[in-house]
Amino acid sequence: MRLVVEAAPNAMLMINASGVIVLVNTQTERLFGYERSELLNSHIEMLLPERYRSRHVGLRTNFFTQPVTRFMGEGKELFGLRKDATEVPVEIGLSPVESDGEWHVLASIIDITERLRVDKVRRATRDDAFRQLILDSLPFSTIATDINGQILTANPAADRLLGYDRHELVGKSALVLHDTKELKLRAAELTEPGMEPIAANYQVIVKSGSQGMADEREWTYVRKDGTGVPVNIAITSLRDDAGNVTGFLKVAYDITARKRAENYIRHMAHHDALTGLPNRALLMDRLEMAIHQGQRHARQAAVLMIDLDHFKRVNDSLGHQIGDQLLLTVAKRLQGRIRDIDTVARLGGDEFVVVLNEVSGRETLTTLIDGLAAVISDKMLIEGHELAVTPSIGGCLFPDDGVDASTLLKHADAAMYQAKAIGRSNFQWFDNAMLQATEEKLALGLALGHAIERNELTVHYQPEVSISDRHVVGMEALVRWSNSMRGEIEPDRFVPIAEESGLILTLGEWVLRKACRECVEIQRELKRMVSVAVNVSPRQFQQKEWMATLVNAINESRITPSCLELEITEGMLMENPEESARKLHQIRKLGVKIVVDDFGTGYSSLSYLTRFPIDKIKIDRSFVRDLATDAADAAVINAIIALAKSLNIRVIAEGVETEQQHRYMFERGCDEAQGFLYGAAVSSTAFAEAVSCIESN
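Sequential numbering from 2 applies to the sequence shown in this note's numbering.
Please note: incorrect hints may appear among the correct ones.
Calculated lysine-lysine pairs in the DSS-like style (CA-CA distance at most 27 Å, straight line) [as the list claims (entries may be wrong)]: (1) LYS208 with LYS182; (2) LYS584 with LYS515; (3) LYS260 with LYS208; (4) LYS313 with LYS411; (5) LYS313 with LYS380; (6) LYS646 with LYS590; (7) LYS584 with LYS646; (8) LYS421 with LYS411; (9) LYS333 with LYS313; (10) LYS208 with LYS173; (11) LYS380 with LYS411; (12) LYS208 with LYS225; (13) LYS545 with LYS584; (14) LYS590 with LYS515; (15) LYS121 with LYS208; (16) LYS411 with LYS333; (17) LYS313 with LYS260; (18) LYS182 with LYS225; (19) LYS333 with LYS380; (20) LYS515 with LYS545; (21) LYS313 with LYS515; (22) LYS121 with LYS260; (23) LYS421 with LYS333; (24) LYS515 with LYS528; (25) LYS84 with LYS646; (26) LYS590 with LYS545; (27) LYS185 with LYS208; (28) LYS421 with LYS313; (29) LYS260 with LYS185; (30) LYS442 with LYS421; (31) LYS225 with LYS173; (32) LYS185 with LYS173; (33) LYS185 with LYS225; (34) LYS313 with LYS442; (35) LYS411 with LYS442; (36) LYS182 with LYS260; (37) LYS84 with LYS121.
Just the calculated beta-carbon pair ranges, DEER-fashion [claimed, not checked]: (38) THR630 with GLN336: 18 to 26 Å; (39) ASN63 with ARG494: 32 to 40 Å; (40) LYS528 with PRO562: 15 to 23 Å.
If you're looking for bench data, these hints aren't it; they were derived computationally from the structure. Using N, Cα and C, we set each Cβ at its ideal position, and we do this for glycine too.
All chains should be modelled from the sequences, with the hints used to inform the complete structure.
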């Protein structure tokens with residue numbers, strides 16, 4: 002999405018529900034005169050004149066209550082506030098964009114200064130000679146016609162827009178500049194019910210202008226070479242001294258850039274940023290359409306939920322860049338196997354959905370489903386790595402298994418989980434017994450409750466190195482679960498369950514105590530001090546007794562407090578800033594260090610950094626991953642490091658997977674890094690050997 006926004010031809014920015022700016026492009030900097038670092042994580046009201054701000058809160062709340070694409074500023078004055086305190090007239094397109102489960106609003110902002118200037122000149126000038134002088138200097142296409150549409154004069158801008166020489170336009174009918182089909186459509190729109198159809202002639206174009214009203218509408222101009230160009234045409238009647246209409250003045254400006262920006266917004270609101278496939282919002286529309294057609298024509302439709310088996314292993318072992326390329330390959334293969342009337346969408350992560358229209362029972366789909374599984378399973382060569390993944394697929398039919406979109410997706414998902422449960426790499430049709438699969442989460446939660454006492458949990462440690470010399474200075478503690486019945490269970494499966502159920506308090510305390518003990522053991526084996534970073538969940542941080550738990554863990558393990566780092570997310574701090582600041586100061590009094598995890602993805606701002614006693618910030622892997630190709634991500638990294646340095650805060654980058662990324666961080670003054678370039682997470686007993694390997698290289 003960042004690449005798409007940066008490539009947009011006009012100013013674009015994104016804000017969250019709190020009105021905080023989370024994404025801007027270069028055109029936004031140019032329009033408002035701010036640096037990107039000044040805009041990011043600042044409130045949108047900095048770009049609004051004072052008179053708009055009281056209404057803006059209500060408008061923003063209304064938008065997030067009813068998140069639909071809308072446009073502001075058309076037909077009325079709307080201004081933005083530049084850094085130099087001057088105001089700029091704008092038109093704004095707003096569109097909802099879902100990111101990480103939260104709605105944001107993406108704004109496309111167009112500077113209409115020149116357009117308003119042209120309008121003002123047009124209204125102010127009456128004298129023919131002066132008008133012609135002005136027309137010739139205007140940057141927008143301006144054409145004067147008589148009452149029947151014969152062109153009397155045209156300015157150089159019209160010549161450039163339409164590809165004609167001026168002498169070629171004069172004397173022609175203005176109808177040659179309009180698309181015939183569009184004229185007929187507009188004529189039909191103007192025809193009153195029961196009345197004789199209006200002829201598709203010049204009066205359709207100038208109807209409002211001939212009645213003394215300024216008319217401004219979008220049209221398609223036809224160039225001399227036959228190509229079309231979208232334009233906005235403002236039409237004003239020309240009158241003699243007696244007030245009689247003698248002709249019309251048509252001022253047109255090319256709105257190709259605006260149309261392109263609107264298309265960007267609409268596309269991003271309904272498509273997955275990585276693969277370009279329909280996202281959940283568009284999928285639901287397509288599924289509702291399939292249901293409607295099925296009801297109308299008494300036909301069935303099928304919904305297939307596809308999940309890639311062990312995809313996380315690819316990300317963990319080879320990095321997210323390889324994982325993203327794998328997802329792109331799978332998306333293209335799926336698109337190549339379905340019909341034009343069908344839909345393939347990505348829900349997020351490694352989950353895809355296929356909607357098959359006009360099918361005839363389960364038996365007829367066997368070959369197609371086998372084909373989908375086969376193309377996904379075919380080997381892939383990605384950046385020199387030969388990879389293969391298998392799919393677990395669940396399916397259901399309309400109307401047999403459900404008559405609404407939500408139910409069909411739910412049942413396809415249940416069937417997919419059944420496919421995984423019986424060994425993965427297979428397909429299952431939904432049946433009602435699968436509803437019991439929803440109880441799997443409960444079962445997993447119960448199993449997690451016994452996991453500690455059964456010694457099923459372990460803590461692994463990923464090295465953290467000094468950027469300057471690759472000397473291991475610390476490690477991050479990461480919990481692992483190996484269940485005798487379920488095998489290796491990924492943290493992204495059981496940690497959310499622990500958070501939801503409250504087990505995270507027990508789990509978090511266990512990880513903290515174990516990490517402190519094993520850090521002391523590792524220090525003893527290495528014969529030097531290294532730090533250990535432990536993630537703190539929101540529930541832990543909010544718990545009143547948690548400070549006592551922290552003190553007990555330090556005392557029992559006898560860890561040097563300055564060797565313990567607690568990783569806390571931005572969102573946790575901003576949930577209750579005053580209480581967060583109080584707790585952080587208590588932690589600092591113990592000598593424990595505080596790290597802000599996933600920095601740059603949330604509420605980051607200068608005031609936020611100075612409000613809390615922070616020792617280190619961790620740059621989120623999402624910025625590191627694309628810094629070589631995404632100028633916006635590189636700019637964010639540069640700003641974070643510069644800001645941290647100015648506040649004497651250390652910086653660690655996570656997800657460093659290439660020498661290029663390491664070198665970039667070194668050159669920018671980043672202090673530490675972790676990632677697969679240096680080493681994966683290992684057990685405490687293997688950590689010393691991992692350190693030796695890293696430092697010997």
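For each hint, the structure was consulted:
1. LYS208 with LYS182: holds (18 Å)
2. LYS584 with LYS515: holds (23 Å)
3. LYS260 with LYS208: Holds, at about 25 Å.
4. LYS313 with LYS411: Holds. LYS313 to LYS411 sits at ~23 Å (cutoff 27 Å).
5. LYS313 with LYS380: holds (17 Å)
6. LYS646 with LYS590: holds (23 Å)
7. LYS584 with LYS646: Roughly 24 Å between the alpha carbons, so the hint for LYS584 and LYS646 holds.
8. LYS421 with LYS411: Holds - the C-alpha atoms of LYS411 and LYS421 are around 15 Å apart, at most 27 Å.
9. LYS333 with LYS313: Holds - the C-alpha atoms of LYS313 and LYS333 are around 20 Å apart, at most 27 Å.
10. LYS208 with LYS173: Distance of about 20 Å is within 27 Å: holds.
11. LYS380 with LYS411: Given pair LYS380, LYS411 is violated - Cα atoms ~30 Å apart, limit 27 Å.
12. LYS208 with LYS225: With Cα atoms ~25 Å apart, LYS208 and LYS225 stay inside 27 Å; holds.
13. LYS545 with LYS584: Roughly 10 Å separates the two Cα atoms, so the pair holds.
14. LYS590 with LYS515: The given pair, whose Cα atoms are some 22 Å apart, holds under the 27 Å limit.
15. LYS121 with LYS208: holds (22 Å)
16. LYS411 with LYS333: holds (25 Å)
17. LYS313 with LYS260: violated (39 Å)
18. LYS182 with LYS225: holds (17 Å)
19. LYS333 with LYS380: OK: LYS333 and LYS380 at ~14 Å, within 27 Å.
20. LYS515 with LYS545: holds (21 Å)
21. LYS313 with LYS515: holds (25 Å)
22. LYS121 with LYS260: Holds. LYS121 to LYS260 sits at ~24 Å (cutoff 27 Å).
23. LYS421 with LYS333: Holds: LYS421 and LYS333 sit about 23 Å apart, inside 27 Å.
24. LYS515 with LYS528: Distance of about 20 Å is within 27 Å: holds.
25. LYS84 with LYS646: Status holds; Cα separation ~26 Å.
26. LYS590 with LYS545: Holds. LYS590 to LYS545 sits at ~17 Å (cutoff 27 Å).
27. LYS185 with LYS208: holds (14 Å)
28. LYS421 with LYS313: Between LYS421 and LYS313 the Cα gap is close to 15 Å, so the pair holds against 27 Å.
29. LYS260 with LYS185: holds (22 Å)
30. LYS442 with LYS421: Holds, at roughly 14 Å.
31. LYS225 with LYS173: Cα-Cα ~12 Å, so holds.
32. LYS185 with LYS173: holds (20 Å)
33. LYS185 with LYS225: holds (21 Å)
34. LYS313 with LYS442: The hint holds at about 19 Å.
35. LYS411 with LYS442: The hint holds at about 15 Å.
36. LYS182 with LYS260: Distance of about 20 Å is within 27 Å: holds.
37. LYS84 with LYS121: holds (26 Å)
38. THR630 with GLN336: 18 to 26 Å: holds (23 Å)
39. ASN63 with ARG494: 32 to 40 Å: holds (38 Å)
40. LYS528 with PRO562: 15 to 23 Å: Taking Cβ atoms as reference, LYS528 and PRO562 lie about 20 Å apart, which means the hint holds.
Taken one by one, the earlier hints fail for this structure at numbers 11, 17, listed in ascending order.
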